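Hey, can you work out the whole structure from these sequences and the hints?
Residue numbers (our numbering), protein chains in the order written: chain D, 1 to 236; chain L, 1001 to 1451.
Because the hints were derived from the structure by calculation, they are not lab data.
As the structure is a prediction and not an experimental result, all values here were calculated from the model.
Among the hints, a few may not be true.
Unchecked claim - Here are the simulated SDA-like cross-link-like pairs (lysine to any residue), alpha carbons at most 20 Å apart as the crow flies:
no., chain 1, residue 1, chain 2, residue 2
1, D, LYS151, L, VAL1273
2, D, LYS161, L, LYS1092
3, D, LYS162, L, ARG1085
4, D, LYS162, D, ALA173
5, D, LYS80, D, PRO64
6, D, LYS161, L, GLY1096
7, D, LYS161, L, VAL1273
8, L, LYS1057, L, ARG1075
9, L, LYS1002, L, ARG1361
10, D, LYS162, L, ARG1084
11, D, LYS95, D, ALA152
12, D, LYS80, D, THR104
13, D, LYS80, L, GLY1096
Unchecked claim - Per label pair, the in silico range of CB-to-CB distance:
no., chain 1, residue 1, chain 2, residue 2, range
14, D, LYS56, L, GLU1340, 36 to 42 Å
15, L, VAL1225, D, ARG222, 39 to 45 Å
16, D, LYS162, L, ASN1148, 34 to 40 Å
17, L, ARG1195, D, ASP73, 49 to 55 Å
18, L, ILE1414, D, LYS56, 56 to 62 Å
19, L, ASP1152, D, LYS80, 33 to 39 Å
20, L, GLY1160, D, VAL41, 55 to 61 Å
21, D, ARG218, L, LEU1077, 29 to 35 Å
22, L, ARG1409, D, GLY160, 48 to 54 Å
No residue lacks a Cβ here, since even glycine has one placed at the ideal position from N, Cα and C.
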Amino acid sequence: METPVKEKARICPDAGRPANCDVCEVRANSICSDLGPREFVQVEKTMSRRHVAKNKALMVEGEPNDSLYVVVDGCFRLSKMLEDGRRQVTGFLFKGDFAGVRATEASAYTAEALNDGLVCYFPHSFLDEIAIDAPGVKDRLIRHGQTEYHKAQDHIVLLGKKNAEERVVSFIAMINERIGFDDGNGARRVPLPMPRQDIADYLGLRLETLSRTLTSLRESGRLLDVTRHSVTVPAA
Amino acid sequence: MKQEWRKYLGLRAPRYTSYPSALHFDEQVSAEDYGARLGETALYEPLSLYIHVPFCKSLCWYCGCNMRVENDYGRALRYVDALRREIALAGKALSGAGRARSIHFGGGTPNFLKVEDLERVLDAIEAELGLTDSTSLAIELDPRLIRNGDIDRLAALGFGRMSLGVQDFDAGVQAAINRVQRFELVESAVGEMRRVGLTDISFDLLYGLPRQTLQSYKETLEETVALSPDRVAVFGYAHLPAALPNQRLIDEHSLPGAELRADLALLADEMLVAAGYVRIGFDHYAKRDNPLARAARTGRLRRNFQGFTDDLSETTIGFGASAISFVGEMYAQNAKTLGEYYACVEKGRMATSRGLVLSPRERVIASAIRTFLCRSEVDIRPLLAAFAPRDANSICANLDKLEVDGVIRWNEDIVTLAPGANILARVVAMALDPYEAAIGCEQGRALAQAI
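Structure, rendered in structure tokens:
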């Protein structure tokens, strides 16, 4: 499956620098929560926000990247071209996850927005600069979120599972943990912002096997509902 | 053909589907070694999978494959179960690493198995190793065993490439090799494949078969061109009756001599090129828009156990009796007999019985040969550097002779195959490999003729 590399997202001038990080909803449980007050003021000063429109790339494999990105809103697909020229979906980023953990001349993967997204970004040169006064600031920034390295770990665990059903169930549980919410009727709604083909590719399954597995999970009551963009699971 | 080239025609040369060839494998590679290598596979490493189906309905006298005639389908079911277990063992060793990029079913006769049983093998691959809609699936088919509806079902399963064992359309030749299949049978199989939208159909043809004449082979080639397969592989029949008892059934007096053999190979080359096919390596032909021809144009042609291919995977995992794997510079071959194969796999062990780990020097030779066969050109500097002066000199002496005879051009360190010399490429490959050249003389009977 080959997809043309999307035009790299441009910085949206209106997004600019946030007036106040206090309104940030990701902050409380991940980013910035471990920063001391002085560090925080410094970080806030040099951080910028960028809107990334659906299907636009935040980072492109093989191109230089010099910023650390934090997903504030939206979902991103990570993928890489394999040696044989085909694309492999390697993971998904959700609110609070990070990309671009190191500055590099050539990114190891592409990150594309699956829906309209918003990210904060910090130039690595700045983070290195303030690290002189605040050692370990980078580590504290990303302590609570997941980086691309966590995603690779998740992926090998999923691919190591020995049948389609286990892989699909684990995938849904993984997404539920990140962006699932109570549907008001005592069940959990799990959004699936990525196309089915991406899920199948990610899980090493044929599309038809994925569809059949979702159907059988619904028929056996392990899923309450299956729609194009979400599934509903009984509350644990 | 140039008069100076004639003397190379009788030479025996390896087919170099692997280097070193399987004749050099020994017991030094164990199931544990192989499993450990599999465990080192990288997360997204592209894998090429080969599934060997050793059963056939009847015996073709020319056959050189690992096969057995089977009348009891129950025995094939036991084999399918063993394949599924073997796939699970590989899945355990890989534990999620590697992505299956292409799967090739070869034989024997893969369509000896019913489609539902081929599907069970694919299901095991999906569960244990992962299988996506972008994995390319290929299968070799015996046209005599294609059942009603098979082609539709195979296409629905995702098989995008089907290869038909045609060999020769002449009734007399077919009788002399015990493989009688009417032209209409192949024609209708091709019709079915086109109807389901297949765009990658390949034919295997053989030259050097008993009773072949220039006239009979011309007709076979005309009929081939009329059916317009996307690829044609033209192999020379290797008559090795000492090693292959079934070949003793062939009447040696009806085999074409070296001169006729060469003329048959040249006739095929000429007629296929005239019909618009592009030469690929020394024995394949493909239509210009076929993926194989595109790979050759862009320098991405590769060679694996199935011959020339556009599959870029560096790692091959073979399943089934006698199947060969290549993982991280290690060749590992499964036990050849069904008894030995079952004895391992049914007890939960890999069936590796022989193999070889490439030495640094063998890696250099392998790379030079592969590059030359796939690109018709190679820089021999690294090769010469890998040898002591005496051996390097003997390589140069071999190449000198080939240059004098106009088989190659040799400028600075670049050796290039002369135009039109495609079918002699194996002879040049052998010149790059002093060990094989020496062994080839001793064990000539085990190697096939170069042409």
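Here's how the hints hold up against the structure:
1. D:LYS151 / L:VAL1273: This hinted pair is violated, its Cα atoms lying about 51 Å apart.
2. D:LYS161 / L:LYS1092: holds, 10 Å
3. D:LYS162 / L:ARG1085: holds, 13 Å
4. D:LYS162 / D:ALA173: At roughly 17 Å apart (the allowed maximum being 20 Å), ALA173 (chain D) and LYS162 (chain D) satisfy the hint.
5. D:LYS80 / D:PRO64: With a Cα-Cα distance of about 15 Å, the restraint between LYS80 (chain D) and PRO64 (chain D) holds, given a limit of 20 Å.
6. D:LYS161 / L:GLY1096: holds, 7 Å
7. D:LYS161 / L:VAL1273: violated, 49 Å
8. L:LYS1057 / L:ARG1075: Within the cut-off at roughly 13 Å; holds.
9. L:LYS1002 / L:ARG1361: violated, 34 Å
10. D:LYS162 / L:ARG1084: Distance of about 13 Å is within 20 Å: holds.
11. D:LYS95 / D:ALA152: Answer holds: LYS95 (chain D) to ALA152 (chain D) is near 17 Å, not above 20 Å.
12. D:LYS80 / D:THR104: holds, 16 Å
13. D:LYS80 / L:GLY1096: It holds: about 17 Å lies between the C-alpha atoms, which stays within 20 Å.
14. D:LYS56 / L:GLU1340: 36 to 42 Å: violated, 57 Å
15. L:VAL1225 / D:ARG222: 39 to 45 Å: violated, 56 Å
16. D:LYS162 / L:ASN1148: 34 to 40 Å: This hint holds: roughly 35 Å between Cβ atoms.
17. L:ARG1195 / D:ASP73: 49 to 55 Å: holds, 50 Å
18. L:ILE1414 / D:LYS56: 56 to 62 Å: With Cβ atoms ~46 Å apart, the hint is violated.
19. L:ASP1152 / D:LYS80: 33 to 39 Å: Holds - the Cβ-Cβ distance for ASP1152 (chain L) and LYS80 (chain D), about 36 Å, lies within 33 to 39 Å.
20. L:GLY1160 / D:VAL41: 55 to 61 Å: holds, 60 Å
21. D:ARG218 / L:LEU1077: 29 to 35 Å: 33 Å Cβ-Cβ, so the 29 to 35 Å window holds.
22. L:ARG1409 / D:GLY160: 48 to 54 Å: holds, 52 Å
In summary, the structure is inconsistent with hints 1, 7, 9, 14, 15, 18 from the numbered list given earlier, while agreeing with the others.
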